[in-house]
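Given the structure of chain A, go ahead and fit chains B and C onto it with the hints provided.
Protein chains in written order, with this note's numbering: chain A, 1 to 705; chain B, 1 to 172; chain C, 1 to 122.
Among the hints, a few may not be true.
Stated by the list, open to error - Derived pair list, reagent style DSS-like, types lysine-lysine, alpha-carbon separation capped at 27 Å:
1. K624(A) - K587(A)
2. K91(C) - K112(C)
3. K350(A) - K42(B)
4. K151(B) - K663(A)
5. K42(B) - K663(A)
6. K609(A) - K690(A)
7. K533(A) - K659(A)
8. K457(A) - K490(A)
9. K42(B) - K659(A)
10. K659(A) - K45(B)
11. K42(B) - K666(A)
Because the hints were derived from the structure by calculation, they are not lab data.
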Amino acid sequence: MDEMKETYIQEANELLENLESSLLSLEDNPNDKSNIEQVFRVMHTLKGNSSMFGLSKIAEFVHDLETIYDKIRQGEMQLSKEILNTTLASFDHLNKIIYDSELEDQSNKDNHFKLIAEIHVFIGKSDSVGNSDTSSDLPIQVITDSSSTDDQSDSPKTFHIYFEPNPNIFLDGSNPLYLIAELAAMGKSIVVPHFKSVTNLDTYSPTDCITYWDVYLESTCLKTDVLDVFVFVEGNSIIEITEIPFINLISNNAFNEVVIASTFKDLKTDITSIRLLAESLGTKVISEKSQSKLSKALAAEAASESGGSSVSKEKVVSSIRVASDKLDELMNLVSELVTTQASLTLYNEKNETPELEVITENIEKLSRRLRDIAFGMTLVPINNMFSRFQRLVRDMSETLGKEIQFVTEGGETELDKSIIETLTDPLMHIIRNSLDHGLEKAEDRMLLDKPRKGTVKLKAFYSGISVYVQIIDDGKGIDVEAVRAKAISKGFINEGDVLSDKEIFDYIFYPGFSTAAVVTDISGRGVGMDVVKRNITDLKGAIVVESTVNVGTTLSIKLPLSLSIIDGLLVDIEGVNYIIPLSVVNKCYEVDNTEMLNNFNKLLILDEKQVPFIDIRKEFGYSKLDSTAKSQLIVVSDGDHEVGITVDYIVGEYQAVVKPIGKYYKNQDFISGATILGDGSIALVMDTHKIVELYTDHVKLENKQ
Amino acid sequence: MKTEAINENLTGETKSFLSFRLGEEHFTIPVMKIMEILEVPKITKVPQCPNFLVGVINLRGAVLPVIDTRIKFGMHQIDYTINTCILVLSIDVNDETLVVGALVDSVSEVFELNESKIKPTPAIATKYRADYIQGMIQEDDHFMMVLNIDKVFSSMDLESIVESKSIDAEIN
Amino acid sequence: MAKNILIVDDSESIREVVGMALRSEGYNVIVGEDGQHGYELLLANENVNLIISDLNMPRMDGITFLKEVRKLDKYKYLPILILTTESQEAKKIEAKNSGATGWIIKPFVKEKLLAVVKKVMH
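Isolated chain A, as found in the complex (with noise of 0.2 Å):
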């Protein structure tokens, strides 16, 4: 094998070479496609070799380089500075380790741990850190022989197997009488095969395979090993495996006579009898596979027979790749269900009769299920982006001389996939800004009697039908003022602009705005954040700086949660039906109209709690409460905060599916969508937050007046 290891470490230099120089032309034109599949295909390359040689730490090292560049040639990720550092210290790496692919030497394993976790930031992998040396989850899977500890494994068993080839099947080179061959070369068995009758000699063509099989298998192996001897027909081919576990019954007369009677006479397989016959003999029959009607009857009968316990015999979880557009309209066939369901539980409500009352309330409980379900499959807890991050931190610390603790809050707070993936990047840029020009160093911070260590958090919280994720530290801030000044010296706005202070901070995501003067000026905050900025805005989100000198920065970023159907509490305020998400709600309190009325500082005692309350109907315009009613306060969580709202009356809990209610609205966004009621009508989705900051504006001017 010495000879061949040569042939790999030769071949893998030239591979390497031809990387070099690919990846120094992409660093000149980082956008030049052909260069980026180059580079995937050198990789692939090098991980198929080293995988092939058994080098399984070299070929799980290019496998994740080689994701990265995968991800970029598919549009999922942008080439940056960043990753092509890290590829051409991975490539320094490599050239060293295809001579010692154990990594027997400390500094090469010490490098190699410390650029797969770079990697891994990339390409959004969680790392267990400090555990890296077992490699427990390998992308690469080493074949073992598949001895198998299952107890059913050497029993013996009788197999039904129904074969029905696509009439194609010849013309990707299968052939079929192989597959049968390999079946009965499993066990004893007998072979039935039949032909499809030929109506129309115009459509029949000579190569199409008009056979199919019924055979018998007598075997110890497993039903997943007569499955895997399809394994590559069963994507356009029928095929039904029935089991007969604990015994052999081709060696049973009486089988022989009813495969006689049913499968020789009829040329149609009749299980039904086979399995009384095998019932009539004391066991069960299994049938998982099954795409015809007989043998899905089957199935049920035998799952219910047995309790289902015995169809739980296969407990691998395992996962499968779905096309996003069958998951789309699965959501949306969700969403119509729900909806459709709403409007069953208000007809129930109407004609009450018991029975239809179980019905529905069980149709309510699986819709909700369904939906849980359906909507889950997309959904991540933003934690599996967090923990990515604490790496980042810990090493950036280390390089720049500062002592930074890093926080996260919120971590199960669930978003969809997608919005996770394009949200990783911003994100990095922006914690690499927070930690690189934010934070200061210890020194510093004590001259300015803050703590040693610098805090930067990551906070994520749900808002009606919004995420927000928060980017904050306690740094040095920026100087609203320098903003300013410089947006006055890029011609973005004029002397004498009255604008607030959020508006000041919005033009650093101006293009062009950073300069190297800025960066001093105002910690760096500039750099590349218009690009951070349309990639939120891409996601249909939003960004926002606050911030204050020597206190810190935040920086908020809103996302729409992909839920398109919330849990929501129905409420009526003048008429109008609105829906607050339950996700916000900690409580409900009746209150006197009065007590509101005549309450200056607009605060409430509740629970011995001061809670502030906004009179929704003044903000909506509408008419005032009235002084000898009762309103119902619901408390919602803005961030850190509560805050009371206060309604008509509540209506229920109702799971609203959110539609958007268009561009015309586009101003009204503290409405986050409409959602349709069981009768038709239409319910306004709130966006509490919003709602907050409409009073805060409210407030704040008729405070200036």
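Same frame as chain A, now just chains B and C:
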């Protein structure tokens, strides 16, 4: 309005138009632009909106914004009568198609008309902004304005589309 | 008579590993360095009984190679196996739809390779 005589020597394309009434005025738009005509259902008002945005309705499961066309044309807001209806229009705005409901006082008729019969609008003959009016049709001694609805309903600005000058002129 | 197997892969290492395994079982092995080369060899050789081809290759990639081979009357029903590191369904299905008989997922042990070869060629 009757169908045009066939033997006339016409150069343009013959299309179907629908005429409707706003207050005392008659307008017409190509039928092609109209997806359907609805009776007025329950309208849900969105708070804090300019008053021409009347609210949203449920159009077979979709949420449809509804616009008070009268306010858009500088008239006072619509009085709901048995004849009031909503024209569901498809509007092309910047390569995008929006669907919007337009409240009108009543729908009059559908007729065929050769496009060459649409005359340019004399500047003094209308109080409406020129780019919202595609042209005019004359029948006997009264006129009907052909609207460029893509323009009319794509303007999301808060003002109505009447030129302020001409309002003054009319009031005076 | 010994069967002829054409291996098409741009990696010399893979060609060697696969070739060695097949030769040890008494097969004749012909090697092509990419899709284009493989196609030319196919036209030049009388009796190829099986093709094993990589997917990612310069000049002519594996999918194109598959499609081209299937256009040749003589090789319409020839078994073709593709070599892939991507165990993803998508790649396999694309290859299958382009005329591949089956696939071998890299890395593999000799036994696995031979088992798959026997499965499609007797």
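Here is how each hint holds up against the structure:
| no. | hint | in the structure |
| --- | --- | --- |
| 1 | K624(A) - K587(A) | holds, 24 Å |
| 2 | K91(C) - K112(C) | holds, 20 Å |
| 3 | K350(A) - K42(B) | holds, 20 Å |
| 4 | K151(B) - K663(A) | holds, 15 Å |
| 5 | K42(B) - K663(A) | holds, 21 Å |
| 6 | K609(A) - K690(A) | holds, 23 Å |
| 7 | K533(A) - K659(A) | holds, 25 Å |
| 8 | K457(A) - K490(A) | violated, 32 Å |
| 9 | K42(B) - K659(A) | holds, 18 Å |
| 10 | K659(A) - K45(B) | holds, 16 Å |
| 11 | K42(B) - K666(A) | holds, 22 Å |
The structure is inconsistent with hint 8 alone, although it conforms to all the rest.
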